[in-house]
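Taken in order, these protein sequences are the chains called A and B.
Residue 224 in this note's numbering is what sits at position 224 of the first sequence, and the numbering runs on without skipping anything.
Residue 17 in this note's numbering is what sits at position 17 of the second sequence, and the numbering runs on without skipping anything.
No wet-lab data here; the hints were simulated from the structure.
Bear in mind that the values here come from a model prediction, so they are computed numbers and not experimental data.
There may be inaccurate statements among the hints.
[Unchecked claim] Now the in silico label distances, taken between C-beta atoms and shown as ranges:
| # | chain 1 | residue 1 | chain 2 | residue 2 | range |
| --- | --- | --- | --- | --- | --- |
| 1 | A | ARG210 | B | ASP4 | 43 to 49 Å |
| 2 | B | ALA46 | A | GLU106 | 44 to 50 Å |
| 3 | A | GLU99 | B | ARG45 | 43 to 49 Å |
| 4 | A | ASP214 | B | ASP90 | 36 to 42 Å |
| 5 | B | LYS75 | A | TRP102 | 20 to 26 Å |
| 6 | B | ALA46 | A | GLU112 | 46 to 52 Å |
| 7 | A | GLU99 | B | ARG50 | 34 to 40 Å |
| 8 | B | ASP20 | A | ARG210 | 47 to 53 Å |
| 9 | A | THR47 | B | ARG50 | 53 to 59 Å |
| 10 | B | ARG50 | A | ASP180 | 40 to 46 Å |
[What the hints assert, rightly or not] Straight-line distance between alpha carbons at most 27 Å, and here's what the computed BS3-like set of lysine-lysine pairs gives:
| # | chain 1 | residue 1 | chain 2 | residue 2 |
| --- | --- | --- | --- | --- |
| 11 | A | LYS31 | B | LYS37 |
| 12 | A | LYS41 | A | LYS31 |
| 13 | A | LYS24 | A | LYS90 |
| 14 | B | LYS100 | A | LYS224 |
| 15 | A | LYS24 | A | LYS42 |
| 16 | B | LYS37 | A | LYS90 |
| 17 | A | LYS24 | B | LYS100 |
| 18 | B | LYS92 | B | LYS75 |
| 19 | B | LYS92 | A | LYS24 |
| 20 | B | LYS126 | A | LYS90 |
| 21 | A | LYS224 | B | LYS37 |
| 22 | A | LYS90 | B | LYS5 |
From the three backbone atoms N, C-alpha and C, an ideal C-beta is built for every residue, glycine too.
What follows is each chain in one-letter form.
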Amino acid sequence: MARIIAGVATSHVPAIGAAIDLGKTEEDYWKPLFAGYEPSKKWMAETDPDVVILVYNDHANAFSLEIIPTFAIGVADSFPPADEGWGPRKVPVVQGHPELAWHLSESLILEEFDMTVVNEMPVDHGLTVPLSLMCGEPEEWPCPVIPICVNVIQYPPPTGNRCYELGRAIRRAVESFEPDLNVVVFGTGGMSHQLHGERAGLINREWDQRFLDDLTANPERLRKLPHIEYVREAGSEGIEMVMWLVMRGALSENAREVYRFNHVPGSNTSVGNIIIED
Amino acid sequence: MLQDKAEFEDIPGTYLFNSDRSREGYHLNMFCMSLSKSENRKAFRADEARYLDRFPLTEEQRRTILERDWLGMIKVGGNIYYTSKLGATDGKSFQYIAGKMSGMTGEEYLAMMVGGGRSIENNRSKSEQVD
Numbered sequence: 001m002a003r004i005i006a007g008v009a010t011s012h013v014p015a016i017g018a019a020i021d022l023g024k025t026e027e028d029y030w031k032p033l034f035a036g037y038e039p040s041k042k043w044m045a046e047t048d049p050d051v052v053i054l055v056y057n058d059h060a061n062a063f064s065l066e067i068i069p070t071f072a073i074g075v076a077d078s079f080p081p082a083d084e085g086w087g088p089r090k091v092p093v094v095q096g097h098p099e100l101a102w103h104l105s106e107s108l109i110l111e112e113f114d115m116t117v118v119n120e121m122p123v124d125h126g127l128t129v130p131l132s133l134m135c136g137e138p139e140e141w142p143c144p145v146i147p148i149c150v151n152v153i154q155y156p157p158p159t160g161n162r163c164y165e166l167g168r169a170i171r172r173a174v175e176s177f178e179p180d181l182n183v184v185v186f187g188t189g190g191m192s193h194q195l196h197g198e199r200a201g202l203i204n205r206e207w208d209q210r211f212l213d214d215l216t217a218n219p220e221r222l223r224k225l226p227h228i229e230y231v232r233e234a235g236s237e238g239i240e241m242v243m244w245l246v247m248r249g250a251l252s253e254n255a256r257e258v259y260r261f262n263h264v265p266g267s268n269t270s271v272g273n274i275i276i277e278d
Numbered sequence: 001m002l003q004d005k006a007e008f009e010d011i012p013g014t015y016l017f018n019s020d021r022s023r024e025g026y027h028l029n030m031f032c033m034s035l036s037k038s039e040n041r042k043a044f045r046a047d048e049a050r051y052l053d054r055f056p057l058t059e060e061q062r063r064t065i066l067e068r069d070w071l072g073m074i075k076v077g078g079n080i081y082y083t084s085k086l087g088a089t090d091g092k093s094f095q096y097i098a099g100k101m102s103g104m105t106g107e108e109y110l111a112m113m114v115g116g117g118r119s120i121e122n123n124r125s126k127s128e129q130v131d
């Protein structure tokens, strides 16, 4: 039987990808951020999952305003890095896991999560930057990845509670998959940041710290946070953090935190990373 | 449950990308989306005004694009993940655009971020803001 062994949450700032791709990780500005991910990379290498289910949002690359799926799941054999306006990142093509992805799709839809099933999907920094941060710069990504894409750009995104419930349904789906696989779930985006308007550059580290504290210890509080609180307190783009709750929902109640890291700034963002073992 | 629009509009310097803004900015944002393709970036660079004729934009939307009025684009329905594609076409980062929108030079904005970012204090509510 497949099982979920851990969850990872991390920011997915595009400038982090650019810093890696342009060899700037040792520069003074970036060094503390990448140093903070060293233990995470070590954990990832030691944990060596068979599959990663990666919850992220597309930033007007695979999807646009033409079609706005609330929850989409990639079932393809592979997903190419997207051209986000400056050419695709030179990172490996992401290999999917169609058998588990289709099993998840069927199980989730029958559990009344009406997923959009996607056979062709380029993946942008929302997915590839978390992989780079957790896996470094390998020739090939260490395991297959199932992308789950959440709309957080067009208001309203799904509620935190719905995201948490989706996580729980993902856990049940994984546990009903016959092959013996160790699965890690990533929730990405955040932490506090605002990219637009006169309030651009907003950071709220106190709010971020409380979110990190409660992600393991008191997810019941986080499930109930209304959108207005994310937007007001964590910035308009901080609302991405509902995706962290999909990850948390996929873990057991008494899961335990094994690592956390928070650094300001990564470009415009409070960069956060947490690892929770099931 | 639908949340009160006024609550979001009370957040200073913030333009929630809701249904009103999405409708108003659809063509502006889809113009930006077209810049994801390198042949379109080339055509746009060759003759910006002519390229914009492909999209049914308002005069104000055209102006904000041609003048790179980044905050103006947001006010006429632009979404940052789309307008940043115009930024990328110009070789400009999110950080550059963010600085422009908040009326700061690149250096000032960078210094603010390195110093911990823009504070939440006095930035929660227009109605409660003190000068």
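Among all the numbered hints in the text so far, which are the ones the structure does not match? Numbers 1, 5, 7, 8, 10, 11, 14, 20, 21, 22 - these are the hints that the structure violates, sorted from lowest upward.
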